[in-house]
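Let the sequences and hints guide you as you build the complete structure.
In order, the protein sequence lines correspond to chains A and B.
With this note's numbering applied, the first sequence covers 222 to 629.
With this note's numbering applied, the second sequence covers 2 to 534.
No lab work stands behind these hints, which were simulated from the structure alone.
There may be inaccurate statements among the hints.
To be clear about the criterion: a stretch of chain B counts as covered by chain A if any three or more of its residues have a C-beta under 8 Å from a C-beta of chain A, and this derived list gives those stretches [as the list claims (entries may be wrong)]:
no. : segment
1   : 43-50
2   : 54-67
3   : 86-98
4   : 170-179
Note that beta-carbon positions come from the ideal geometry of N, C-alpha and C, so glycine has one too.
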Amino acid sequence: MMSEKILTRNFGRIDSHTLTAYLETGGYAAWQRAQAMEPAAITEEVKQSNLRGLGGAGFPTGTKWSFIPKNHAGPVYLVINADEGEPGTFKDRYLLEREPHALIEGMLIAARAIRSATGFVYIRGEYVEPWRKFSAAVREAYDAGYLGKGFDVVVHRGAGAYICGEETGLISSLEGKKGWPKVKPPFPAIKGAFGMPTIVNNVETICHVPHIVNRGAAWFAALGTKTQGGTRIFSVSGRVRKPGIYEASVAITLRQLIDELAGGVAGNGRLKAVVPGGSSAPILRSDEIDVTMDVDGLRNAGTMAGSAGVIVMDETVSIPEALMVVARFYAHESCGQCTPCRESTGWIYKMCHRIVEGHGRKDDLDKILDVAKRGAGTTICAFYDGAVGPYISYIEKFRAEFEALIPK
Amino acid sequence: MPKLTINGKEVEVPPGTNLIEAARKVGAEIPHYCYHPGLSIAGQCRLCMVDIEKTPRPTIACNTQAADGMVVWTETERVKETRRSVMEFHLINHPLDCPVCDQAGECWLQIYYMRHGLYEPRMTDAKVHKPKAVPLGPHVILDAERCILCSRCVRFCDEVTGTGELGIFNRGDHSEIGLFPGKELANRYSGNVVDICPVGALTDRDFRFQVRVWYLDTAKSVCPGCARGCNIEIHVNRRRPHHAEGRRVARLKPRFNADVNRWWICDAGRYGFEFVDDKSRLLMPSRRDDEVVTDVAWDDAIAGVAAALERTASADVAVIASARMANEDLWALRRLLVHRGIRQVGFRLPPRTPGDEDAFLIRADKDPNSRGAELCGLDGDVKEILAAARARQVKMLWIFGHDLFDSAWPEAEIAGALRAVETVVFVGTNGNATSERARWMLPAAAWVEREGTYTNFLGRVQRFRQAAEPLGQALPEWDILGRVLVALGAGAAPSRAERWFRELAEAVPAFAGLTYQSIGDAGAVLSAGRPLP
Numbered sequence: 222m223m224s225e226k227i228l229t230r231n232f233g234r235i236d237s238h239t240l241t242a243y244l245e246t247g248g249y250a251a252w253q254r255a256q257a258m259e260p261a262a263i264t265e266e267v268k269q270s271n272l273r274g275l276g277g278a279g280f281p282t283g284t285k286w287s288f289i290p291k292n293h294a295g296p297v298y299l300v301i302n303a304d305e306g307e308p309g310t311f312k313d314r315y316l317l318e319r320e321p322h323a324l325i326e327g328m329l330i331a332a333r334a335i336r337s338a339t340g341f342v343y344i345r346g347e348y349v350e351p352w353r354k355f356s357a358a359v360r361e362a363y364d365a366g367y368l369g370k371g372f373d374v375v376v377h378r379g380a381g382a383y384i385c386g387e388e389t390g391l392i393s394s395l396e397g398k399k400g401w402p403k404v405k406p407p408f409p410a411i412k413g414a415f416g417m418p419t420i421v422n423n424v425e426t427i428c429h430v431p432h433i434v435n436r437g438a439a440w441f442a443a444l445g446t447k448t449q450g451g452t453r454i455f456s457v458s459g460r461v462r463k464p465g466i467y468e469a470s471v472a473i474t475l476r477q478l479i480d481e482l483a484g485g486v487a488g489n490g491r492l493k494a495v496v497p498g499g500s501s502a503p504i505l506r507s508d509e510i511d512v513t514m515d516v517d518g519l520r521n522a523g524t525m526a527g528s529a530g531v532i533v534m535d536e537t538v539s540i541p542e543a544l545m546v547v548a549r550f551y552a553h554e555s556c557g558q559c560t561p562c563r564e565s566t567g568w569i570y571k572m573c574h575r576i577v578e579g580h581g582r583k584d585d586l587d588k589i590l591d592v593a594k595r596g597a598g599t600t601i602c603a604f605y606d607g608a609v610g611p612y613i614s615y616i617e618k619f620r621a622e623f624e625a626l627i628p629k
Numbered sequence: 002m003p004k005l006t007i008n009g010k011e012v013e014v015p016p017g018t019n020l021i022e023a024a025r026k027v028g029a030e031i032p033h034y035c036y037h038p039g040l041s042i043a044g045q046c047r048l049c050m051v052d053i054e055k056t057p058r059p060t061i062a063c064n065t066q067a068a069d070g071m072v073v074w075t076e077t078e079r080v081k082e083t084r085r086s087v088m089e090f091h092l093i094n095h096p097l098d099c100p101v102c103d104q105a106g107e108c109w110l111q112i113y114y115m116r117h118g119l120y121e122p123r124m125t126d127a128k129v130h131k132p133k134a135v136p137l138g139p140h141v142i143l144d145a146e147r148c149i150l151c152s153r154c155v156r157f158c159d160e161v162t163g164t165g166e167l168g169i170f171n172r173g174d175h176s177e178i179g180l181f182p183g184k185e186l187a188n189r190y191s192g193n194v195v196d197i198c199p200v201g202a203l204t205d206r207d208f209r210f211q212v213r214v215w216y217l218d219t220a221k222s223v224c225p226g227c228a229r230g231c232n233i234e235i236h237v238n239r240r241r242p243h244h245a246e247g248r249r250v251a252r253l254k255p256r257f258n259a260d261v262n263r264w265w266i267c268d269a270g271r272y273g274f275e276f277v278d279d280k281s282r283l284l285m286p287s288r289r290d291d292e293v294v295t296d297v298a299w300d301d302a303i304a305g306v307a308a309a310l311e312r313t314a315s316a317d318v319a320v321i322a323s324a325r326m327a328n329e330d331l332w333a334l335r336r337l338l339v340h341r342g343i344r345q346v347g348f349r350l351p352p353r354t355p356g357d358e359d360a361f362l363i364r365a366d367k368d369p370n371s372r373g374a375e376l377c378g379l380d381g382d383v384k385e386i387l388a389a390a391r392a393r394q395v396k397m398l399w400i401f402g403h404d405l406f407d408s409a410w411p412e413a414e415i416a417g418a419l420r421a422v423e424t425v426v427f428v429g430t431n432g433n434a435t436s437e438r439a440r441w442m443l444p445a446a447a448w449v450e451r452e453g454t455y456t457n458f459l460g461r462v463q464r465f466r467q468a469a470e471p472l473g474q475a476l477p478e479w480d481i482l483g484r485v486l487v488a489l490g491a492g493a494a495p496s497r498a499e500r501w502f503r504e505l506a507e508a509v510p511a512f513a514g515l516t517y518q519s520i521g522d523a524g525a526v527l528s529a530g531r532p533l534p
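Shown next as structure tokens:
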């Protein structure tokens, strides 16, 4: 199922990152249009479009914008989360490298909607080329007068912590502090970066905004499902014949995505499991992939759309080893702030490692499940809940494979 | 004011009160580590979970403000289960070295495990190892393995002292408290991090390995280290005298007083008690004849001093009082001065090095009771007294506590003055260069060994209680002065500090109406009233 390419329409052009190319393909027309719109009308248009956050949480974007207090007198900040760190996800780097002006134009429009004069773009530290390309585009936009006239963009590079992709961890880091998520309330829209109302949006989310303004909310909504409009970019990796990024309607099914776009299962050709939304999304068995890839479709399937990082595993993949790798990642990346996450990510990794090494004990699996469930929902941010997704789903869905590794 | 229901009891609290504080009002204790009322909310220990009706899952109480109509339950099964889980997480990488940990007995890991944990340990894997016995500064030492990363110490240095020495480094279960490069935990309030550390991670280098906390007795007191009068608790080791080489005062801890020091004290005050068990303490009354010092009985010493007073014309007697004396002592002295008609009295000596001061607690005036001494009318010119002494116009000089040689005045002037006086009487806790030139040396009880009151620079009268027996035969100054008054035929003298205070309150207008009862634990502010002339 191919759908119209929107975000990636220019990816074929070698100069797609330049202002010239962007203008040739209708760039900054939406900004012209938006300047004639009332801020509230822009927010309303985005609400109607059913655009939902594409960084992971899937929160309705227009609704988020409307949380900015109306009577606030000081600055309001727009922060773009370009800290793409979710394992299995590599879409924002392409947008930054190949369509940077779409992000700038989207930011201009979003900033008008929330009455912000300053936008920060927090780019993952390892993303050197995306940072170069995006920074060059920012300079072009200043030179061309799109930026610097009521709206400024500050590009900030991260230093390599996954947790800085969590919106309040990102804000702490942006403020120059250790990237620790903040206790909520207050929420960022009330008290965010530097104590001011702040909207944090994902790169891809904001890149959609110019198209919504250009072509209307109804067009965008119709591209998707009832509760989520538009297309999104799926990062498909693992055992598929054609790994890469694919833009498709959110209404595409996981089976279509794997078979029709990504060329089908590689390895021994027989599908074992799929992680549909980045490493934090609970795993799906091969018989669970007839599911639409929108936020609610995957939620109803007991997993999540997350960042649309699709990790495909064929039958030769060891699920216990996969869980060990995932557990090592979460143990390494836990910020260490909240006790349950700090302590149990390390503990669970040690147990997973032991099982894989053949030193598992009979009660280990139940212990992991119990520890995971006890910690879930008790922490400041969603990091630990993201870790719990794989802990529980890998073991519950592939328990026999784990038990086979545990000495009798 | 929001009215809410906690465990079925209705309570009204000021707006902004969080649920931990609101629950205290109905007698419910919500366990917590990272929350401290004097610091910002961190919300990271995750122990203070409570159930709030209409919320889907337990919520942290520290970051939830009481709201009108809120219905809170602190002891539901779900809450108890969450606490057990969080306790398990707190302890999986903890070394469980209670037998060698100084915090044992006052450790919130122990307390909460016994109250809320009590699970079977399930951690069978290797624990994370971190640095141990790391000195962070002159007073504080870190055991990173015992640390539960509540960040109270970090927030203290960021928010209270503003010195920012500490941070949490690394991530996940390798996170650890540490110093920023080039920093040392040497701010003037560093000892407070030990008090607020809920576990044995930060311990006091002075106190550790001295005595187990369960052998300590405590008494409410006031710090005598400066004119602020921070409220403290004195922890004394009476039950294991063979520990800590006979040191009786084990440590001083701040005692909360909203109007004086809140939860804090400075390091100078915290560690300023060494003199109490020092070898230089005076233990027996003694008399010096030429260079021969003889211990004498109190009755003989009192009779000797009284005889010297009677023998000397009152115009030839001078007294150097001290603002380290309690109000009760100062009042007893005042009575003696009036009885004998002695007019030459003062208490202020310029310190050799001027006292430091800051905008928080530390005052330049390093004496606890200058205000009390002023109000008792003892504020004469000590420089004039010493000049008169050098001019042989003073035959008897009575000195309380001071080492005159420790002042900013030239040593030769002091020595000349002391040489020129026939009878020098010294009353003090410890011997010094001045006492060595005295004919009579009378041992005074240190503030931890007696009762009394100080008046701080803001006019707050605060009580300190007895924590230990006086060393040797030391007596409170009011008792020494009372005995001299009796020997002089001035009639009966009060036999308890409280009675002296009662007399003071009747005689000095500023103290009118105050009693030990009304002063209580938190102190009471003087009424407006001028000092006695």
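Hints, verified against the model:
| no. | hint | result |
| --- | --- | --- |
| 1 | 43-50 | holds (count 7) |
| 2 | 54-67 | holds (count 4) |
| 3 | 86-98 | holds (count 7) |
| 4 | 170-179 | holds (count 6) |
In terms of the numbered hints stated before, the structure departs from none.
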